[in-house]
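S.K.: Chain by chain, the residues run as shown.
2 protein chains.
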Amino acid sequence: MHISKKLAEAQAAGSPAFSFEFFPPKTSQGVQNLYDRMDRMHDLGPSFVDVTWGAGGSQSQLTCEMVHFAQTVVGLETCMHLTCTDMAKVKVDGALSEAYKAGCTNILALRGDPPRETEKWEAIEGGFRYALDLVKYIKAQYGDHFDIGVAGYPEGCDDQKDQDILMEHLKRKVDAGGTFIVTQMFYDVDNFCAWVDRCRAEGITVPIVPGIMPIQTHAAFLRRANGMGCKIPQKWVDALEPIKNDDAAVREVGKGLVAEMCRRIIDHGVLALHFYTMNLAQSTKMVLEELELVSQGGTPTKKALPWRQSLGLSRREEDVRPVFWKNRHKSYVARTQDWDEFPNGRWGDSRSPAFGELDAYGIGLKGTNEQNIKTWGKPETLRDISDIFVRFIQNDLKTLPWSEAPVTDEAQAIRNELIDLNRRGLLTITSQPSVNGAKSSDPVHGWGPPGGYVYQKAYLELLISPALITELIDRIDRTETMTFHAVDKAGDARTNSHSDGPNAVTWGVFPGKEIVQPTIVETVSFLAWKDEAFRLGTDWAKCHPAGSPSRQLIDHIMNNWYLINIVDNDFHSSGGIFNLFKGLQVQDLDGPLSSSKPTVNGHSPKPLAELNGNHKVTDGKVFDEVLN
Amino acid sequence: MHISKKLAEAQAAGSPAFSFEFFPPKTSQGVQNLYDRMDRMHDLGPSFVDVTWGAGGSQSQLTCEMVHFAQTVVGLETCMHLTCTDMAKVKVDGALSEAYKAGCTNILALRGDPPRETEKWEAIEGGFRYALDLVKYIKAQYGDHFDIGVAGYPEGCDDQKDQDILMEHLKRKVDAGGTFIVTQMFYDVDNFCAWVDRCRAEGITVPIVPGIMPIQTHAAFLRRANGMGCKIPQKWVDALEPIKNDDAAVREVGKGLVAEMCRRIIDHGVLALHFYTMNLAQSTKMVLEELELVSQGGTPTKKALPWRQSLGLSRREEDVRPVFWKNRHKSYVARTQDWDEFPNGRWGDSRSPAFGELDAYGIGLKGTNEQNIKTWGKPETLRDISDIFVRFIQNDLKTLPWSEAPVTDEAQAIRNELIDLNRRGLLTITSQPSVNGAKSSDPVHGWGPPGGYVYQKAYLELLISPALITELIDRIDRTETMTFHAVDKAGDARTNSHSDGPNAVTWGVFPGKEIVQPTIVETVSFLAWKDEAFRLGTDWAKCHPAGSPSRQLIDHIMNNWYLINIVDNDFHSSGGIFNLFKGLQVQDLDGPLSSSKPTVNGHSPKPLAELNGNHKVTDGKVFDEVLN
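Chains as they are written, first to last, in the working numbering: chain A, 89 to 716; chain B, 89 to 716.
A portion of the hints provided could be inaccurate.
Residues from chain A that face chain B, not an exhaustive set, calculated with beta carbons under 7 Å [to be verified]:
{"hint": "1", "residue": "G436"}
{"hint": "2", "residue": "D437"}
{"hint": "3", "residue": "R479"}
{"hint": "4", "residue": "N483"}
{"hint": "5", "residue": "T571"}
{"hint": "6", "residue": "S585"}
{"hint": "7", "residue": "A592"}
{"hint": "8", "residue": "W595"}
{"hint": "9", "residue": "G600"}
{"hint": "10", "residue": "I603"}
{"hint": "11", "residue": "Q605"}
{"hint": "12", "residue": "S661"}
{"hint": "13", "residue": "G663"}
Computed cross-link-like contacts, DSBU-like style, restricted to lysine-lysine with a CA-CA straight-line distance of at most 30 Å [what the hints assert, rightly or not]:
{"hint": "14", "chain 1": "A", "residue 1": "K670", "chain 2": "B", "residue 2": "K527"}
{"hint": "15", "chain 1": "A", "residue 1": "K601", "chain 2": "B", "residue 2": "K224"}
{"hint": "16", "chain 1": "A", "residue 1": "K527", "chain 2": "B", "residue 2": "K670"}
{"hint": "17", "chain 1": "A", "residue 1": "K577", "chain 2": "A", "residue 2": "K454"}
For the record, the hints were derived by calculation from the structure and aren't laboratory data. All residues carry an ideal CB built from backbone N, CA and C; glycine is no exception.
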């Protein structure tokens, strides 16, 4: 969506829009950290984010990659900065094309600095001389596809302090097609407000977005303000100077000063705040909390769907996904990025647009061996493994090899049941409770437009010992409402589902709309997920030295246990799935692996071979064809 | 679906399948009557119907048309009879191709009678000699597309009484590809059972469907039995002879005899009954009731969807329709018959596959002027019109110009509200009450597979005076949950819907499936329906002589009133729609037209011109484009 449209909506609603600016980090670890931070900052609800232009080869490539990541994976509306005077036209073309392909529809058109080595700057031969040239060029090449932002300088810029000239430049950039203005940073609100009034008097009517630099430390504050030639009001000096050596105090007082400045800007009728985050979340978040634009701890944005939507070029209409990747959002986006079209309205045939291989970036287990051992320890018994899963449910661990993010609020409703299962050696990977018509505004389960009702079928996915699975499947068969798919690493697959069609497990009913069914359980994608799930476990095993008890233990589970998913189709009932497991547990959790015999109510269960032949599927890849 | 598969399912379920046979009537009125009867007999739940082959030009064409009608419009799985010895190969090709295009997948391959005029019958040069040849030919031409039935003769046939030879013929027909056997009519059950046993002993394992001729009158009974050379057991003679002049008694006693015969057949393990209906419903229905295969009055078949599915070639997967044609099923099928594909899973864009014109067969008002005047009288005041609508809701009238069928059971829940509206001159066309999660087995609202839940949004469509509509729309706007579309004959269109996307008004949630949403409200199809609705009214006016008060009255309504549909999106509430109409009524229902001023709570309402400008749509054909 165009930023100018978002700003107009905010203005119409009378509620201030805010946005974040990021820049390309220097190291790949820095990039990874920033990606995780962008992911978390999504939930603060920014209207958009900016990514600054990294002039020069690899840095400019990184800008494009960050735009793609923010737009497609994080699902944030992104504005790409683009400088022109230091770039050959062919590079500008490349950057615009990359932005286009990423689904980005907003460009901030900048002049850029002259290369450092030249004494006196000269435009590249055949290149651009002014930001104005770039505005015209983008307009000529892409028409209205891109919303084009331009820079405003309330306190002048490096090589031009004359506001008459600057105002004329600005007017020409807007007249040429600029649809919003982002200003340099400033602390002098009086000057800013006067400048806004002057813009309006000059006939510049597009939205103006003031650039706000929150305060991290006193030194950084001074360095940035002075570097930008930005006037610091005496009041700020008086408040910060005395406490300049106390970082915490500076942040706290700075928060108040910045928030006050924001309030005055808003009171002046400018309902937009653009934060120069310096790639950090904390001080921006403090200001937003102070302004009550987000609640303490961050308000999750009102969700359009139960999962994070992608804003990638061909993905904007996507509204159905399999439940399996519920805790592995980025991996799902990566594994489907080559699809030509995405499920919209209903799940299509996932066999033709195959899921991507596991080797793509971002799909394997994250973190170094050392980090992962630090996180999950060195499990040596099934009890140790069980404890790891229990601690995750208790929110004592923030990740599992199968979960990128902590346990969700939603799982709270079935927390005790999940802990109980994991304590008995039944290792839960994903779950959701049943929901029978919660309002779409419900703080835990709600999503979608107002006035609607949302629903869920209870879902549970777990790793289960091969001996226990016999009894479990028998029990599932005795219910009339449950369906399952089970498969081991080698592909021994079983199901009681009579069709390979999708089973909607989350859906919503809204005024004036078709039924929205954003989450499904389906055979082919389960088998794609199975490869990933067992691979993640095997990756975890490899964090431990070859021959170590931890590696043997985890490998043993991966090589022998089953991954099973269970849907209770009766969404009017609750707790049905957990009743299936009464008396089921892995015994001797503390003993050596060989003695970890599972029991059913104290007796040894039937071996798998005795399982009802109807469930046996000869080739896991074609559950469906075999069963039809 | 193949008949052999249906029969195998019935056998597996242990519940007898039954089927009906029809033949091409001689007159076009006879065809129309039969179509209506087939439509009603659908609800008895036959597994399939047969249409006999009308040898000779127009009659064979009629067979093809009847197959198409049964399959596509009525939605009955149909078996087309095809005789071969009296037909040139090119005609057989033509018939098979017609059956294929109609979606028919079952052929009963018969030899056929020699032409009457020839003394001794000879095969046509290059044609077929035996039914066996036809079986082989169909198999060669169409592979497994058609399920091929063959005739069985437990009591011999016209020119062959030797069971050894007949059995050999039968075995050869089955070996050549016959997948089920339909027998000639008989009354001698002992002989039939022995014959079945012999078939099995000879290695004929395909399902056997006994042909049953219910008894209408004593004369017809004797004529048919003797005509087919069919043995009448002494017991039947003894029971029927004494009462042969009392038609009612014959039917009653005959029903008992035929039912007993059916029971013995079923006890012998043959779970299929094929009724030679002679194009009549009554005596077949009596036998089925006696056998408790349908409940007294007819059990509506368990519906897969809330509306009657078509089994036409490209329509089998169709599962979404607009609600507007709820009472005009055949017209909807006719107006969409040229579509290349049909909505499946969700409603697509109905603008590209345009709705067919109103002139196609079956879309205009049915019945002669005389019949229609007999049915609906000669209304001269709005009160008379109002009474017609009230009598329809009271089930005192079986049709309206806008409803082919009597008011549904479903409407019983809102019967009093509907009567009240119509009494006040608000003329209701279609309606459904809200349903919040009824079981899919619910006798009134249920549809779809077992174990599911079904839902509806309340829906009401009515003809309303142009003066009352202003107030009504104002009231709708004051609710937060209602959406509407209104339009008059000239195309003056209004809506408060913010998108042209479909609004699901009926949906169901079932184990292991995506959400099914078979009924929607949508702009473009409403405008297609509007043309039809006003046309039906105009057709009704034309039943009355030019210049007559009735024609003037009905034309006045058609030319001035609005058609409005209203959806209450809050399906958790009930009765909301009717609250909209409190105090609204057309006054002076009994006066001349000019004085029929509507009032709102006793006051004259605002004229339409004062209606909120937001609703005004300049071109009714593009509600959506204007509003987006």
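S.K.: Evaluate each hint against the coordinates.
M.R.: Results of checking the hints against the structure:
1. G436: violated, 9 Å
2. D437: Given a least distance of 12 Å, the restraint on D437 of chain A is violated.
3. R479: Nearest chain B Cβ about 34 Å off; hint violated.
4. N483: Nearest chain B Cβ about 32 Å off; hint violated.
5. T571: holds, 5 Å
6. S585: Cβ of S585 of chain A sits 6 Å from chain B, so the hint holds.
7. A592: With Cβ-Cβ at 5 Å, under 7 Å, it holds.
8. W595: holds, 5 Å
9. G600: holds, 5 Å
10. I603: holds, 5 Å
11. Q605: holds, 5 Å
12. S661: At about 12 Å, which exceeds the 7 Å cut-off, the nearest Cβ of chain B leaves the hint on S661 of chain A violated.
13. G663: violated, 18 Å
14. A:K670 <-> B:K527: Measuring from Cα to Cα gives roughly 29 Å; hence the hint holds.
15. A:K601 <-> B:K224: violated, 52 Å
16. A:K527 <-> B:K670: holds, 29 Å
17. A:K577 <-> A:K454: Between K577 of chain A and K454 of chain A the Cα gap is close to 21 Å, so the pair holds against 30 Å.
Checked against the numbered hints given earlier, the structure breaks hints 1, 2, 3, 4, 12, 13 and 15 and satisfies all the rest.
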